[in-house]
Amino acid sequence: MAEAPGTDAPASERADRRGIQSIEVGGALLQALVRNPRPMMLKDLAREAGMPPAKAHPYLVSFGKLGLIEQDAHSGRYALGPFALQIGLTALHALDPLKAAMPEVAKLADDIELNVAIAVWGNLGPTIVHIEECRKQIHVNMRPGTVMTPLLLSATGRVFAAFLPERIIRPLVQDELSRFAAADQPALRLSQRHADEVLGEVRRQRLARALGNPIPGINAFCAPVFNATGGLALAITAMGPAGSFDPEWDGDTATRVKACAEEIGRRLGNCGPPAGTP
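Here my numbering is used: the first residue of the sequence shown is 1, the next is one more, and so on.
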């Protein structure tokens, strides 16, 4: 059978994309409640969803019967209901942060033409669990299983030092500073004040930078990925030769690395900055 004029996709493919419009319209109300953490009056909720109150009300009645929303008996305001919470918790429990990160990291590596590593917190510290190589040949002496310590000397380590709970990090940083104090190289003799300044900058930028360390000639940007509760789930680190690496905080590489980390965070349910940070 010939395709109808003006259509580009096969009929079967168009059928797969066809949805139920009323569900999509009603979904705008649920999305509005997600964007606004406080309960909302009908007129405000309808306006946020782009529809008149009279159109919104029947959807809210049906969502209420399902437990997706609930209405306060005294104020009349609407909020997400217990079934919406159950859906969210089920989705969160099924999330695999590494699985969520892999496709985004692959796109990032090709976009910025740098290798990108994924690190998680392991028993020995920040541990590389995956390296996505870009299309260009970039030789970086790093492989899965590499532990990025000392914390203060790499972009990856600094992200974990800046955003993990202080009760975990403070003893490790103190131990590093004690060992650095006896180092033969003056550049390694870091003070507590310097460490605080470095980690403070990481928190302000939501990004860590390392130029030529711990691998000489290799620069890196590392961005934190936060989960639904604002905790640090993992970190992504873009790295490459100094000669082809944009080291500016507001440069294209830094911007894309941060954007990738934020997108992975959204996939993990994160909607804002980590708790307890500026």
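Be aware that one or more of the hints could be misleading.
[Stated by the list, open to error] In silico DSS-like pairs for lysine-lysine, Cα to Cα no more than 25 Å straight-line:
1. LYS258 to LYS136
2. LYS43 to LYS55
3. LYS99 to LYS136
4. LYS136 to LYS107
5. LYS99 to LYS65
6. LYS107 to LYS258
[Said to hold, decoys possible] Derived CB-CB ranges, DEER-like:
7. ASP196 to GLY88: 34 to 40 Å
8. PRO52 to ILE23: 41 to 47 Å
9. THR255 to SER75: 53 to 59 Å
10. LYS43 to ILE169: 46 to 52 Å
11. ALA242 to SER22: 53 to 59 Å
12. PRO241 to ARG204: 23 to 29 Å
13. VAL129 to LYS43: 20 to 26 Å
14. TRP249 to LEU66: 27 to 33 Å
15. PRO144 to GLY67: 39 to 45 Å
16. ALA106 to SER75: 44 to 50 Å
17. TRP121 to GLY27: 35 to 41 Å
18. MET102 to VAL198: 50 to 56 Å
19. GLY64 to GLN192: 24 to 30 Å
20. GLY251 to PRO52: 17 to 23 Å
No wet-lab data here; the hints were simulated from the structure. Fair warning: this is a prediction, and the values are worked out from it, not measured in the lab. Glycine residues also receive a C-beta, built at the ideal position from the N, C-alpha and C atoms.
Given the hinted pair LYS43 and LYS55, is their Cα-Cα distance within 25 Å?
11 Å, holds
Take a look at whether the Cβ-Cβ distance between MET102 and VAL198 falls inside 50 to 56 Å.
30 Å, violated
Is the gap between the beta carbons of LYS43 and ILE169 within 46 to 52 Å?
This hint holds: roughly 48 Å between Cβ atoms.
Verdict for PRO144, GLY67 (Cβ pair) under range 39 to 45 Å:
44 Å, holds
44 to 50 Å as the expected CB spacing between SER75 and ALA106, which holds or is violated
Given a distance of about 47 Å, which is inside 44 to 50 Å, the answer is holds.
Hint consistency between LYS258 and LYS136 [alpha-carbon to alpha-carbon, up to 25 Å]
22 Å, holds
Assuming the hint says 34 to 40 Å, is it satisfied by the Cβ distance from ASP196 to GLY88 or not?
Between ASP196 and GLY88, where Cβ atoms are some 37 Å apart, the hint holds.
Kindly confirm whether 27 to 33 Å is satisfied by the beta carbon distance between TRP249 and LEU66.
47 Å, violated
Verdict for VAL129, LYS43 (Cβ pair) under range 20 to 26 Å:
49 Å, violated
Can the suggested window of 24 to 30 Å be confirmed for the beta-carbon pair GLY64 and GLN192?
56 Å, violated
CA of LYS107 to CA of LYS258, is that 25 Å or under?
13 Å, holds
For the hint 23 to 29 Å, verify it against the beta carbon of PRO241 and that of ARG204.
Once the Cβ atoms are compared, 27 Å apart, the range 23 to 29 Å for ARG204 and PRO241 holds.
Comparing the model with each earlier hint shows violations of hints 5, 8, 9, 13, 14, 18, 19, 20; every other hint is respected.
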